[in-house]
Amino acid sequence: MTVFKTFLKILKKNRGMVIFYTVLLLVFGGINMSANKPTTEFEATKPSVLIVNKDEEVGITKDFIKYIKENSETPEIADNEEARNDALFYSDVSYIVYIPENYHNDFMAGNAPELEIKRTGDYTSEYAEMLVKRYLSVASTYQKSIKSEAELIEKVNETLSKKVDAEITSKLDTTTLSKASFYYNFASYSILACLIYIICLVLSVFNSEKIRKRTVISSMSYKKHNKDLLLSNCVYAVTVWLLYVIASFVLVGDIMFTSHGAVYIINSFVFTMCATALAFLIGRIVSNKNAVNGIVNVVALGSSFLCGVFVPMEFMPQSVKAMAHVLPTYYYVKTNDAVAELEVFNIETLKPLIINMGVMLGFAILFVIIANIVASKKRKIG
Amino acid sequence: MENVIEIKNLVKQYKELKAIDDLSFEVKKGEILGLLGPNGSGKSTTINCILSLLNYNNGIIKIFGKEMKPDSYDIKSKIGVVFQDVSVFDELTVYENIDYFCGLYIKDKETRKKYVEDAIELVGLKDFKKFYPKKLSGGLLRRLNIACGIAHKPELIFFDEPTVAVDPQSRNNILDGIKTLRDNGATIVYTTHYMEEVEILCDRVIILDKGTILASGTTDELKELARIEEKVTVEVNNLDDKYIENIKSNNNVDEVTYDGNTLLVTYIEGKNNLVDMIDYLKKESIKYNKIYSERPTLNDVFLELTGKELRD
Numbered sequence: 000m001t002v003f004k005t006f007l008k009i010l011k012k013n014r015g016m017v018i019f020y021t022v023l024l025l026v027f028g029g030i031n032m033s034a035n036k037p038t039t040e041f042e043a044t045k046p047s048v049l050i051v052n053k054d055e056e057v058g059i060t061k062d063f064i065k066y067i068k069e070n071s072e073t074p075e076i077a078d079n080e081e082a083r084n085d086a087l088f089y090s091d092v093s094y095i096v097y098i099p100e101n102y103h104n105d106f107m108a109g110n111a112p113e114l115e116i117k118r119t120g121d122y123t124s125e126y127a128e129m130l131v132k133r134y135l136s137v138a139s140t141y142q143k144s145i146k147s148e149a150e151l152i153e154k155v156n157e158t159l160s161k162k163v164d165a166e167i168t169s170k171l172d173t174t175t176l177s178k179a180s181f182y183y184n185f186a187s188y189s190i191l192a193c194l195i196y197i198i199c200l201v202l203s204v205f206n207s208e209k210i211r212k213r214t215v216i217s218s219m220s221y222k223k224h225n226k227d228l229l230l231s232n233c234v235y236a237v238t239v240w241l242l243y244v245i246a247s248f249v250l251v252g253d254i255m256f257t258s259h260g261a262v263y264i265i266n267s268f269v270f271t272m273c274a275t276a277l278a279f280l281i282g283r284i285v286s287n288k289n290a291v292n293g294i295v296n297v298v299a300l301g302s303s304f305l306c307g308v309f310v311p312m313e314f315m316p317q318s319v320k321a322m323a324h325v326l327p328t329y330y331y332v333k334t335n336d337a338v339a340e341l342e343v344f345n346i347e348t349l350k351p352l353i354i355n356m357g358v359m360l361g362f363a364i365l366f367v368i369i370a371n372i373v374a375s376k377k378r379k380i381g
Numbered sequence: 000m001e002n003v004i005e006i007k008n009l010v011k012q013y014k015e016l017k018a019i020d021d022l023s024f025e026v027k028k029g030e031i032l033g034l035l036g037p038n039g040s041g042k043s044t045t046i047n048c049i050l051s052l053l054n055y056n057n058g059i060i061k062i063f064g065k066e067m068k069p070d071s072y073d074i075k076s077k078i079g080v081v082f083q084d085v086s087v088f089d090e091l092t093v094y095e096n097i098d099y100f101c102g103l104y105i106k107d108k109e110t111r112k113k114y115v116e117d118a119i120e121l122v123g124l125k126d127f128k129k130f131y132p133k134k135l136s137g138g139l140l141r142r143l144n145i146a147c148g149i150a151h152k153p154e155l156i157f158f159d160e161p162t163v164a165v166d167p168q169s170r171n172n173i174l175d176g177i178k179t180l181r182d183n184g185a186t187i188v189y190t191t192h193y194m195e196e197v198e199i200l201c202d203r204v205i206i207l208d209k210g211t212i213l214a215s216g217t218t219d220e221l222k223e224l225a226r227i228e229e230k231v232t233v234e235v236n237n238l239d240d241k242y243i244e245n246i247k248s249n250n251n252v253d254e255v256t257y258d259g260n261t262l263l264v265t266y267i268e269g270k271n272n273l274v275d276m277i278d279y280l281k282k283e284s285i286k287y288n289k290i291y292s293e294r295p296t297l298n299d300v301f302l303e304l305t306g307k308e309l310r311d
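Residue numbers (numbering that gives the first Met the number 0), protein chains in the order written: chain A, 0 to 381; chain B, 0 to 311.
Don't read these hints as lab results, they were simulated from the structure. Among the hints, a few may not be true.
To be verified - Lysine-lysine pairs mimicking PhoX-like chemistry, simulated, CA-CA at most 25 Å apart: (1) B/Lys125 <-> A/Lys12; (2) B/Lys65 <-> A/Lys222; (3) A/Lys8 <-> B/Lys133; (4) B/Lys77 <-> A/Lys212; (5) A/Lys4 <-> B/Lys14; (6) B/Lys112 <-> B/Lys134.
To be verified - Between beta-carbon pairs, the in silico distance windows are: (7) A/Gly293 <-> B/Lys134: 26 to 32 Å; (8) B/Gly39 <-> A/Glu208: 16 to 22 Å; (9) A/Leu230 <-> B/Asp70: 19 to 25 Å; (10) B/Thr179 <-> A/Glu208: 27 to 33 Å.
Stated by the list, open to error - Calculated Cβ distances over 12 Å to all of chain A for the following chain B residues: (11) Val87; (12) Lys108; (13) Glu116; (14) Leu263.
Bear in mind the structure is a predicted one, so any value in this text is a computation, not a measurement. Beta carbons: idealized from backbone N, C-alpha and C, even for Gly.
Construct the complete structure from the given sequences, taking the supplied hints into account.
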């Protein structure tokens with residue numbers, strides 16, 4: 000208890016930093032919550048398509064133009080090629096269809112006349128192409144068996160008017176899950192910073208040459224002293240973790256009571272243990288109190304940036320992604336991101352997440368072993 | 000009387016340098032042993048070896064009749080150490096600091112509370128219990144350092160130069176405290192540069208240099224090792240060389256030095272040197288401001304044994 004009580008007294012003197020990193024999490028977590036309001040309405044996007052018709056506006060040509068106009072936006076563009084090219088360049092229009100002369104006659108004759116196309120290449124031009132191909136594909140199919148243009152138009156319109164009902168089978172509340180993922184990803188920064196700052200500070204005090212000498216000559220075994228210190232660190236770490244989990248229930252809401260929430264909580268607990276071991280190792284190596292702030296920035300901020308806490312991993316260069324693999328935060332963030340997309344919970348789907356947590360525990364064990372080696376080397380002063 | 004510490008043939012070597020060279024000595028129960036020596040003489044190395052803070056190359060160290068090892072926690076529970084550097088937590092108050100270090104030895108809360116109060120009383124920090132170390136003066140910090148080392152009422156206490164850079168009031172307080180500890184039955188090993196402290200406190204003195212014992216004994220026994228018997232100092236201005244030569248010509252005079260203001264005469268023997276000097280000055284009508292006689296100090300002994308001052 001002597002060591003634990005002293006740990007708490009030193010912690011109390013430095014509680015400002017714990018409050019700072021907690022507020023940081025709540026503020027940034029909160030901002031993300033309000034920025035990601037759930038979308039409840041759906042509106043179809045219409046591509047902007049321009050039709051330059053050199054044929055007569057009759058028969059199949061007329062119907063094709065009618066179909067495209069009904070399903071797209073038609074921008075007002077001057078009737079000259081330079082203006083059309085400019086509109087395409089500035090994305091005022093994404094797709095231009097040139098209908099050649101005598102198109103409807105050639106089509107009905109089964110000559111399969113070609114349409115000239117100009118496009119921007121973006122996703123709306125893809126959608127426009129889909130519309131054009133859809134119409135022509137249906138019309139071409141009927142043209143082989145129907146010789147009357149009016150009958151063909153009627154059949155084409157009948158087919159194109161048919162709609163398919165689609166049902167979204169996924170029951171995932173992706174908006175809330177992405178909120179939870181963001182919160183827990185950001186929590187990794189706060190957890191690392193809080194743990195490294197306080198644990199390193201406390202250990203640097205206990206490990207200072209003068210205090211350590213007094214401890215070594217005392218009748219308390221060095222192992223017991225170390226064990227008490229490690230236990231104090233763990234109690235502190237679990238308290239920080241609990242605080243952040245409780246905050247997640249308040250900020251994220253009901254999803255925390257689901258299986259998804261349970262995995263977030265378990266993952267954050269494993270990460271907290273790993274962060275504690277890392278902080279314990281750093282604290283064993285560092286004996287200068289003034290260096291602690293710098294170390295927090297390098298380790299907590301650095302690994303958060305590298306492992307996709309602030310910027311998603313898909314935007315990171317390959318070299319950074321490769322580097323991130325040697326950091327526990329990478330496996331923590333990877334698990335959180337995977338949880339957000341997890342629909343079914345079974346051994347197969349949970350296996351990659353369990354492996355990630357296993358890797359984090361592996362890191363924790365490695366850190367503790369190295370910390371003990373460093374501690375035993377430092378025990379003797381000569 | 001039983002030995003509290005027994006050291007036999009202790010050797011500590013740093014590569015080519017022998018910091019301790021075949022050192023053997025004992026410390027008796029209830030005595031205050033002074034370890035005297037200049038910087039680098041091996042005092043701190045000896046203490047660190049005794050406390051198992053340092054590995055040593057050869058020798059046997061026994062404390063309370065048992066061999067001292069890093070895991071000899073039963074022996075360690077009876078030892079207190081007051082290090083030269085102030086070794087306390089800046090983050091804890093005076094009371095909390097003493098309580099923490101006492102807590103490394105004493106588990107029982109009530110006993111510890113009493114011990115902490117006793118230690119505070121002993122070093123005179125009653126009015127500073129709630130002060131943080133940064134608010135204490137150098138002297139008060141030293142007292143806190145002592146309290147942290149002795150609060151658990153050890154039977155054997157090591158003091159490593161506890162009065163360095165301490166004001167006279169704190170020094171007297173510290174020395175009184177050490178005497179009280181001895182009176183309460185503690186055995187004390189005391190290292191210092193200050194000979195006057197050794198003369199006041201120590202029952203026995205060991206003079207160390209280059210890791211070996213040059214001499215040991217009581218202060219009186221050590222002083223007998225000195226070749227000189229007495230030192231007479233005269234404060235006198237513009238003394239003519241012929242008088243200095245006359246004084247030197249006396250058979251019992253060892254050395255005469257004069258810096259223009261102070262004449263220092265050391266005598267090999269003779270019990271009336273001061274009276275003889277006064278008579279001589281009167282006879283030659285030499286006017287002087289002050290004249291006094293001193294017995295040789297431990298520093299004189301050390302100077303003779305090693306050719307250098309203790310504080311070199």
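Evaluated hints:
no.: 1; hint: B/Lys125 <-> A/Lys12; verdict: holds, 24 Å
no.: 2; hint: B/Lys65 <-> A/Lys222; verdict: holds, 22 Å
no.: 3; hint: A/Lys8 <-> B/Lys133; verdict: holds, 16 Å
no.: 4; hint: B/Lys77 <-> A/Lys212; verdict: holds, 16 Å
no.: 5; hint: A/Lys4 <-> B/Lys14; verdict: violated, 42 Å
no.: 6; hint: B/Lys112 <-> B/Lys134; verdict: holds, 23 Å
no.: 7; hint: A/Gly293 <-> B/Lys134: 26 to 32 Å; verdict: holds, 28 Å
no.: 8; hint: B/Gly39 <-> A/Glu208: 16 to 22 Å; verdict: holds, 19 Å
no.: 9; hint: A/Leu230 <-> B/Asp70: 19 to 25 Å; verdict: holds, 21 Å
no.: 10; hint: B/Thr179 <-> A/Glu208: 27 to 33 Å; verdict: holds, 30 Å
no.: 11; hint: Val87; verdict: violated, 8 Å
no.: 12; hint: Lys108; verdict: violated, 9 Å
no.: 13; hint: Glu116; verdict: holds, 17 Å
no.: 14; hint: Leu263; verdict: holds, 42 Å
The structure fails hints 5, 11, 12 (numbered hints given earlier, in ascending order).
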